[in-house]
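Given the sequences, and given the hints that come with them, work out the whole structure.
There are 6 protein chains.
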Amino acid sequence: MKRLAHFDSRGSFRMADIGGKRITLRKAVAAATVRMSREAIETLRSGRIIKGDAFAAARLAGIQAAKRTSEWIPLCHPIPVQWIDVDCRLVARKPEVEITATAAARWSTGVEMEALTAVAAAALTLYDMCKSIDRGILVKDLRLLSKSGGRSGTWKRETKL
Amino acid sequence: MKRLAHFDSRGSFRMADIGGKRITLRKAVAAATVRMSREAIETLRSGRIIKGDAFAAARLAGIQAAKRTSEWIPLCHPIPVQWIDVDCRLVARKPEVEITATAAARWSTGVEMEALTAVAAAALTLYDMCKSIDRGILVKDLRLLSKSGGRSGTWKRETKL
Amino acid sequence: MKRLAHFDSRGSFRMADIGGKRITLRKAVAAATVRMSREAIETLRSGRIIKGDAFAAARLAGIQAAKRTSEWIPLCHPIPVQWIDVDCRLVARKPEVEITATAAARWSTGVEMEALTAVAAAALTLYDMCKSIDRGILVKDLRLLSKSGGRSGTWKRETKL
Amino acid sequence: MKRLAHFDSRGSFRMADIGGKRITLRKAVAAATVRMSREAIETLRSGRIIKGDAFAAARLAGIQAAKRTSEWIPLCHPIPVQWIDVDCRLVARKPEVEITATAAARWSTGVEMEALTAVAAAALTLYDMCKSIDRGILVKDLRLLSKSGGRSGTWKRETKL
Amino acid sequence: MKRLAHFDSRGSFRMADIGGKRITLRKAVAAATVRMSREAIETLRSGRIIKGDAFAAARLAGIQAAKRTSEWIPLCHPIPVQWIDVDCRLVARKPEVEITATAAARWSTGVEMEALTAVAAAALTLYDMCKSIDRGILVKDLRLLSKSGGRSGTWKRETKL
Amino acid sequence: MKRLAHFDSRGSFRMADIGGKRITLRKAVAAATVRMSREAIETLRSGRIIKGDAFAAARLAGIQAAKRTSEWIPLCHPIPVQWIDVDCRLVARKPEVEITATAAARWSTGVEMEALTAVAAAALTLYDMCKSIDRGILVKDLRLLSKSGGRSGTWKRETKL
Numbered sequence: 001m002k003r004l005a006h007f008d009s010r011g012s013f014r015m016a017d018i019g020g021k022r023i024t025l026r027k028a029v030a031a032a033t034v035r036m037s038r039e040a041i042e043t044l045r046s047g048r049i050i051k052g053d054a055f056a057a058a059r060l061a062g063i064q065a066a067k068r069t070s071e072w073i074p075l076c077h078p079i080p081v082q083w084i085d086v087d088c089r090l091v092a093r094k095p096e097v098e099i100t101a102t103a104a105a106r107w108s109t110g111v112e113m114e115a116l117t118a119v120a121a122a123a124l125t126l127y128d129m130c131k132s133i134d135r136g137i138l139v140k141d142l143r144l145l146s147k148s149g150g151r152s153g154t155w156k157r158e159t160k161l
Numbered sequence: 001m002k003r004l005a006h007f008d009s010r011g012s013f014r015m016a017d018i019g020g021k022r023i024t025l026r027k028a029v030a031a032a033t034v035r036m037s038r039e040a041i042e043t044l045r046s047g048r049i050i051k052g053d054a055f056a057a058a059r060l061a062g063i064q065a066a067k068r069t070s071e072w073i074p075l076c077h078p079i080p081v082q083w084i085d086v087d088c089r090l091v092a093r094k095p096e097v098e099i100t101a102t103a104a105a106r107w108s109t110g111v112e113m114e115a116l117t118a119v120a121a122a123a124l125t126l127y128d129m130c131k132s133i134d135r136g137i138l139v140k141d142l143r144l145l146s147k148s149g150g151r152s153g154t155w156k157r158e159t160k161l
Numbered sequence: 001m002k003r004l005a006h007f008d009s010r011g012s013f014r015m016a017d018i019g020g021k022r023i024t025l026r027k028a029v030a031a032a033t034v035r036m037s038r039e040a041i042e043t044l045r046s047g048r049i050i051k052g053d054a055f056a057a058a059r060l061a062g063i064q065a066a067k068r069t070s071e072w073i074p075l076c077h078p079i080p081v082q083w084i085d086v087d088c089r090l091v092a093r094k095p096e097v098e099i100t101a102t103a104a105a106r107w108s109t110g111v112e113m114e115a116l117t118a119v120a121a122a123a124l125t126l127y128d129m130c131k132s133i134d135r136g137i138l139v140k141d142l143r144l145l146s147k148s149g150g151r152s153g154t155w156k157r158e159t160k161l
Numbered sequence: 001m002k003r004l005a006h007f008d009s010r011g012s013f014r015m016a017d018i019g020g021k022r023i024t025l026r027k028a029v030a031a032a033t034v035r036m037s038r039e040a041i042e043t044l045r046s047g048r049i050i051k052g053d054a055f056a057a058a059r060l061a062g063i064q065a066a067k068r069t070s071e072w073i074p075l076c077h078p079i080p081v082q083w084i085d086v087d088c089r090l091v092a093r094k095p096e097v098e099i100t101a102t103a104a105a106r107w108s109t110g111v112e113m114e115a116l117t118a119v120a121a122a123a124l125t126l127y128d129m130c131k132s133i134d135r136g137i138l139v140k141d142l143r144l145l146s147k148s149g150g151r152s153g154t155w156k157r158e159t160k161l
Numbered sequence: 001m002k003r004l005a006h007f008d009s010r011g012s013f014r015m016a017d018i019g020g021k022r023i024t025l026r027k028a029v030a031a032a033t034v035r036m037s038r039e040a041i042e043t044l045r046s047g048r049i050i051k052g053d054a055f056a057a058a059r060l061a062g063i064q065a066a067k068r069t070s071e072w073i074p075l076c077h078p079i080p081v082q083w084i085d086v087d088c089r090l091v092a093r094k095p096e097v098e099i100t101a102t103a104a105a106r107w108s109t110g111v112e113m114e115a116l117t118a119v120a121a122a123a124l125t126l127y128d129m130c131k132s133i134d135r136g137i138l139v140k141d142l143r144l145l146s147k148s149g150g151r152s153g154t155w156k157r158e159t160k161l
Numbered sequence: 001m002k003r004l005a006h007f008d009s010r011g012s013f014r015m016a017d018i019g020g021k022r023i024t025l026r027k028a029v030a031a032a033t034v035r036m037s038r039e040a041i042e043t044l045r046s047g048r049i050i051k052g053d054a055f056a057a058a059r060l061a062g063i064q065a066a067k068r069t070s071e072w073i074p075l076c077h078p079i080p081v082q083w084i085d086v087d088c089r090l091v092a093r094k095p096e097v098e099i100t101a102t103a104a105a106r107w108s109t110g111v112e113m114e115a116l117t118a119v120a121a122a123a124l125t126l127y128d129m130c131k132s133i134d135r136g137i138l139v140k141d142l143r144l145l146s147k148s149g150g151r152s153g154t155w156k157r158e159t160k161l
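Protein chains in written order, with the numbering used here: chain A, 1 to 161; chain B, 1 to 161; chain C, 1 to 161; chain D, 1 to 161; chain E, 1 to 161; chain F, 1 to 161.
Source of the hints: derived by calculation from the structure; they are not laboratory data.
All the pointers check out, no bait thrown in.
Identical chains share a label here; the pair holds if one copy fits it or two copies do between them.
Straight-line distance between alpha carbons at most 27 angstroms, and here's what the computed BS3-like set of lysine-lysine pairs gives:
| # | residue 1 | residue 2 |
| --- | --- | --- |
| 1 | Lys140 | Lys51 |
| 2 | Lys140 | Lys94 |
| 3 | Lys94 | Lys156 |
Put into structure tokens, the structure is as follows:
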């Protein structure tokens, strides 16, 4: 039966004690797809919004939020991350932006939440910048793609969504 | 042609000046669906994790993150919110938790980002607590459901996803 | 029966909706007594620690924490305070420092938590600075002394501790 | 004569340089007693407030505040804590809640302030949730119970309060 | 004799009570000059660093820091700013970047510190991005250019530096 | 050609991956000169403002801001600093205060930004406290004085300003 690190024997939440875990290189990659209206995506593509500038803001928002993941997510440990990378790219032939984030730290617990938080903040920043054109923008499928390091080793998302 | 509040005439991002906007009651409702494995949802349902306790943590995370939306989303204004409400419920016959958040403020700009941020933080908190059972948990369809108040008036999501 | 602003009809916590409350001047005063060993208090009195400097640090810590009360206390609303005042004074003939804090805001909810948070942060800052002399320092009787403004009007602590 | 880590030779406060201290496992336990009116404690006991829900909010507040201790207490170092645990329990035959917190980190300075900050935030969160019933709630005896690790070794509070 | 808002009659610092001040539109403009080596400025000009991208990061840093001015500057009040604008431009014929920031709020105290904080954070962000080329980069003359609103009215910097 | 740690091969900003860098003792010293009017400096000197108290506030602001440098400066890594020291002193025969800050950490990246951020926050805190006497106060020459540790070794500012 799987261990429930965040719950005690009575089923109440708790912060996991990571004192006994080994310090190793941990990595995680997460992603989400931001689907917007044709009008919104054309505004990004056509240059009325400088795409590079919009993506720069989203990427920076992701980096900054990820560094403070333990403030967003109450049971997360503060982790001195060594790298956060956020990438935004227009999807060909679809009114979508794909956001991917990588987090890395040499620490005694994983950085999955850091990668997911980076993607969430970047996606919501894009939403914020484009919402006057399309309030219906959808952040689809915020998800972990892979993680490595630590006792549970490497995990990769198997199924296509 | 729609106004692009967050971009100047050259297409560079900027913070919108909300000085000329009227102070009125602004509300927004957002939602997301957290889909997990049968095993994970059964753990929540069966009591190995106290569902109330897990949902309490997710709800509190949403409230706390929403109050600080302008720290996560770079072009958002600080807004002294008057209410943040986060609700989590198990979806019947599906391995899913539906998270809804409402934000309200009497202010000169809308609270869509506050509602969306509350949902994102609550969803990722659930992910964090259940990830030792299922790393593949998916945060599906983070989206605005409705907003009211301000010059653009009331907006409701029309189409089913 | 008294209203439980922070709990819904089922007894679950919630953030109170302060939208219907009137904006009036709210004030609150809180206090605590920091009791330390004779050795510790003599170090403060005798000048091996510059009392003014130690009290300046404690006062500033109280002011800064109080401005961010809604980050410490999850169900508190962000309140743009107009004044936080923190006072520290040596108690005559006792090895004690009395800390008092006043908070004020023209807002739709009270500032009791701001005053209490200021006192707590100032007291713990004193503890931190003196703990190498006395780890047994006690923060006694952190309490509200009075509050005014709002629907419930003026309240004063009646009984001596 | 005891070393005053937080003051220089002239008596001005300073941040201690922990560069020369050894990285070892540091633990600390702190506590406080929250005394409230009979009416308030009965509301918690009887279920008009869901005790588990109220305690969950207080516990989470303590965990979150402790992770950021160096933001509240100016001369504290940022410490990547490995564990924060907060416990709330009703005291038999007294209108009191006892709050205990444990902090742990493998670091070059102690975690006393983290444990004390967790207790303070949890106690004030309880105050906040119950203050509409009883504004006179008292946070009694916020104190360190024990600490271990580091050059000064193990310390335990000797005297009963 | 000028009033010293931040000091009491004994000369100790205090937070000013802004309760009696009128809510009016407050604006402030601040600036600094970032002087770097020829090599560093050429790297920005020539495109090895995408200038727009570097300036986007600096501008966003300024906006984000300014929203939280009261966290960095201890005696500042939290102010719900309505606008922060940061501009970076290469100075003709000099190895310099001129940074200007404007802050605006309808509030009962001025926004000078918000404008100055925005400039400081933007300038240090530029330093950070270019420091591997030139550690000697100088942030010259961080200063207020003008402020308007409030009892003291309009102020403009008179002398050329 | 010098490495541009904060930009990728296309010239877009990125966070540097410090995973491959060695953990060594890193130190940095930064400074700035705060020039104010004769009237302002005399107020500090004459005791109408308690100089020690004003400098205590500025020093504490610098320490607190430096601990959170990665929140100010978007591409900075969170660094668990071991020491931040801030010094303020009146300059003889000039209406100036010289602020110096030292930062130290045993970490895989340098602490230049921590030292610079400490100086910036301390200088702006002095500005804030004295601005009712002189809005024209100038923060001159915010600069790095030296740094040591890490692959690039020791650097000292060579030229007088």
